[in-house]
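Q: Based on the hints, put chain B in the right spot on chain A.
2 protein chains.
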Amino acid sequence: MYEGAVQELIDELGRLPGVGPKSAQRLAFHILEADPQDMKRLVEAITTVKERVKFCTVCGNVTEQELCNICRDPRRDPSIICVVEESKDVLAVERTRSFRGRYHVLGGAINPIAGVGPEQLRIRELLTRLNDGAIQEIIIATDPNLEGEATATYLARMLKSIGITVTRLASGLPVGGDLEYADEVTLGRAFEGRRNALS
Amino acid sequence: MYEGAVQELIDELGRLPGVGPKSAQRLAFHILEADPQDMKRLVEAITTVKERVKFCTVCGNVTEQELCNICRDPRRDPSIICVVEESKDVLAVERTRSFRGRYHVLGGAINPIAGVGPEQLRIRELLTRLNDGAIQEIIIATDPNLEGEATATYLARMLKSIGITVTRLASGLPVGGDLEYADEVTLGRAFEGRRNALS
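Protein chains in written order, with the working numbering: chain A, 1 to 199; chain B, 1 to 199.
Remember, identical chains collapse to one label, so a pair may be satisfied in a single copy or spanning two.
Subject to a maximum C-alpha distance of 30 Å in a straight line, what follows is the list of computed DSBU-like cross-link-like pairs (lysine-lysine):
#1 54 <-> 22
#2 50 <-> 40
#3 54 <-> 40
#4 88 <-> 160
#5 40 <-> 88
#6 22 <-> 88
#7 22 <-> 50
#8 40 <-> 22
#9 88 <-> 54
Quick caveat, the hints were computed from the structure, so don't treat them as lab data.
Same shape as in the complex, but just chain A (with noise of 0.2 Å):
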């Protein structure tokens, strides 16, 4: 055990996700060595978003704002929503360039074991969007995963009786990736949604 202050900024670092105890004490050494300014600008990066950061009032997606610049943009299509789970997601279509439509943050996946449920959820504010009748489209962009599929499903059946076209990201090969290393359910997914080669 370090003195007092070292070890508590060794046990707060280490509450951190993916910081483990020897990660965590490298840090704290590197704090500690660090240039004083350099650690007042990181403090205050923490204190800048735990004080200005906020969640869109429409979307979820953080924000500084009461809408996001997402939502605030006028050329973004208000008629296509594409659902993902983080804002973190929404990043990363972004970097696509292939959607201009909005965006509805989720907070999260369905995870019965860990206590999420629908209701958990920004759900009941995606069915509030739907009231006004701009919207045609919805994309369910959720991850791949066993979470995200069962959210996915949830969602589908939901908006189904809506009669709004509901879509979902295609399964199949990664570009670049090798076919003899796809696992099977991919290359399954990839042969059910095989296209016309032509087109």
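A: Here is chain B on its own, set in the frame of chain A:
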């Protein structure tokens, strides 16, 4: 890119050692969603460490006072000094409970590529400590790698002329290890350092 504050936090976190862009993003979102009280504690821990923690004026170990708790402890044998590279190493030696002397933290190891020569280490402070004649043995416990070995050799040669017993930690097979998997240098050292099996 995220909006201002979030991206700034990701950038600051990404500057920490061992934190890549993905980890920085994950940490930033954890901080964003975490309990404000927890984050306040983290910020306070960083601030406190930067404000309060100093280096012991005698041995260079981390401390919140003028002298570290080992240098302050009258039960520690003042005639033996264990020379280590970092404060972390003090803790590692302390955990063995087999050393009851004092320490001297060099603050690194000789590494010409990184621009660290003997002048950048706390070697002058070590020589000052030897002046009072109370010290009878110096145990060099630098890391068993290239830089640590170079530092050990440098110190051993320098201290030889002063006429103090200078020892180096034994190299050999790690306890609980497997002879078959030991690298040839370690195994070679284990042969060189072999001891009478009956002693």
